[in-house]
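Could you slot chain B onto chain A? The hints should help.
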Amino acid sequence: MSEAYFRVESGALSHEENFLSLDDILMSHEKLPVRTEIPIPRLGAFFPERSGGADTDNTIPQGSKLELPLWLAKGLFDNKRRILSVDLPKIYREGWRTVFSADANVVDLHKMGPHFYGFGSQLLHFDSPENTDISQSLLQAMSYLLSFSVSALKCCRLELLREKTFIGRFRRIMDSSQNAYNEDTSALVARLDEMERGLFQMGQRGLNDFQCWEKGQASQITASSLVQNYKKRKFTHTEN
Amino acid sequence: MFCDRAIELVRELHRAPEGQLLAFNEDGLRQVLEEMKALYEQNQSDVNEAKSGGRSDLIPTIKFRHCSLLRNRRCTVAYLYDRLLRIRALRWEYGSVLPNVLRFHMSAEEVEWFNRYKKSLATYMRSLGGDEGLDITQDMKPPKSLYIEVRCLKDYGEFEVDDGTSVLLKKNSQHFLPRWKCEPLIRQGVLEHVLW
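Residue numbers (UniProt numbering), protein chains in the order written: chain A, 1 to 240; chain B, 1 to 196.
This is chain A alone, in the form it adopts within the complex:
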């Protein structure tokens, strides 16, 4: 992990995205369903199934249902809904909200659009009557999953401690009973969305730093991680 590289943080969870944040750019690339309120000429080439064809000046007719990326939907949307109106994606609608309130843990948030929280927070800009419900379900999912992440992190710590002192026994336990701690964390990360993965990584980093300090390595000067990466790449390059 590079110590001197400070990337631009995501602003998606707060009021506005950060212009320069790579995370926010990728998040706003995700699509959502919209409906056109007026015909849009000359852009039919991008939506061939909807397009009126060459005689209508390649117009996308009024009332077409399209999937547009968030950045485009945000740009064309206004409160009077003159150009388009926005529908909520499935995952933020009534049906899924009951799933979240029942058991937020079962949902694979990575599959449901890897930027569930960021995207959901930005959807609130579209002034839908269901906005309070959306924010509630986001918070619900967040609080449940965060508490689970914390307990998974505790398992992580236990695993590290065991590795340090009981390495043989731990391996035996792992082999025989398929230790749940190790299984759970990798399965958990697979189903986390991008924001949760970021939090998880931060927790891991904190744990690693603590371990490092415990071992007395905190004062050891280390080679820059960037250097190590380049060395590895150079090695494979000469091999080829």
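Hints are computed from structural coordinates only; laboratory data are not their basis.
Quick caveat, the model's predicted, so the values are computed rather than measured.
All C-beta atoms, glycine included, are put in the ideal place defined by N, C-alpha and C.
Keep in mind that a hint or two might mislead.
30 Å max Cα-Cα, derived DSBU-like pairs, lysine-lysine [to be verified]:
no., chain 1, residue 1, chain 2, residue 2
1, A, Lys80, B, Lys154
2, B, Lys51, A, Lys215
3, B, Lys154, A, Lys31
To list a few chain B residues with every Cβ distance to chain A over 10 Å, as calculated [said to hold, decoys possible]:
no., residue
4, Asn25
5, Asp46
6, Val111
7, Leu146
8, His193
Restraint-style ranges between C-beta atoms, simulated for each label pair [as the list claims (entries may be wrong)]:
no., chain 1, residue 1, chain 2, residue 2, range
9, B, Ala122, A, Ser85, 31 to 37 Å
10, B, Ser173, A, Asp108, 49 to 55 Å
11, A, Asn18, B, Lys118, 26 to 32 Å
12, A, Arg82, B, Asp27, 53 to 59 Å
13, B, Lys171, A, Gln140, 36 to 42 Å
14, B, Arg30, A, Ser219, 32 to 38 Å
15, B, Pro142, A, Lys80, 21 to 27 Å
Structure of chain B alone, referenced to chain A:
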């Protein structure tokens, strides 16, 4: 769909492991700029048509293209800015002389930026701490002792210590050297800091 090339630039950078500098994607950038030029020209002609030909139904189309232009701009600026952040990190982590493999990854403007950044940093450091200045890129972790034990990871050659004596840095040799002289070499991966 518009802005596909731009998002590819961003994705490529996002995929790179934390802080690593990739080769400058000159082709990608050029394609994005070409798309922006095409969008702009199409919009110009449509605006004229809307004004003189009375085709106000083109307005959503113009807006659509305008959003794409803004998006392309955002992606390219974020791409260039993030690269600068990575290059800046190189100065702090690697030192002021970059290996050639890294130089080839940077565009001419980025090399220029790096040189100017180095100069600003050097000027600033000289202005601190009285006459001699203060090297703030040293001692990134609180030092525990003046001298440290180091092991050589690869052949480096002669290395001169402050009092004039020189040490031969051969692979696997161990030395007891002043911390401030070794720190840059440790960071570059030539030496390894050995803890007792």
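Hints versus structure:
The hinted pair formed by Lys80 of chain A and Lys154 of chain B fails the criterion: a straight-line CA distance of about 68 Å is larger than 30 Å. A threshold of 30 Å between alpha carbons decides the hint, and for Lys51 of chain B with Lys215 of chain A the separation of about 73 Å lies outside it, so the pair is violated. This hinted pair does not check out: Lys154 of chain B and Lys31 of chain A have alpha carbons roughly 51 Å apart, beyond 30 Å. The Cβ of Asn25 of chain B sits about 14 Å from the closest Cβ of chain A, beyond the 10 Å cut-off, so the non-interface label holds.
Distance to chain A contradicts Asp46 of chain B as a non-interface residue, since its nearest Cβ pair spans about 8 Å, not more than 10 Å. No beta-carbon of chain A is positioned within 10 Å of the beta-carbon of Val111 of chain B; the least distance is around 17 Å. No Cβ of chain A comes within 10 Å of the Cβ of Leu146 of chain B; the nearest lies about 13 Å off, and the non-interface call holds. At the 10 Å boundary, the C-beta of His193 of chain B falls inside the reach of chain A, the nearest C-beta of that chain being 4 Å off.
At roughly 57 Å, the beta carbons of Ala122 of chain B and Ser85 of chain A sit outside the given window of 31 to 37 Å. For Ser173 of chain B and Asp108 of chain A, the Cβ-Cβ distance of about 54 Å falls inside the hinted range of 49 to 55 Å, so the restraint holds. Between Asn18 of chain A and Lys118 of chain B the beta carbon distance is about 28 Å. The supplied range of 26 to 32 Å therefore holds. For the pair Arg82 of chain A and Asp27 of chain B, the supplied restraint of 53 to 59 Å is violated, since their beta-carbon distance comes to about 39 Å.
A C-beta distance of roughly 58 Å is found between Lys171 of chain B and Gln140 of chain A, which places it outside the suggested range of 36 to 42 Å. In this structure the supplied range 32 to 38 Å is violated for Arg30 of chain B paired with Ser219 of chain A, their Cβ-Cβ distance being about 48 Å. Pro142 of chain B and Lys80 of chain A have their C-beta atoms about 60 Å apart, which leaves the hinted 21 to 27 Å range violated.
In terms of the numbered hints stated before, the structure departs from hints 1, 2, 3, 5, 8, 9, 12, 13, 14 and 15, listed from lowest to highest.
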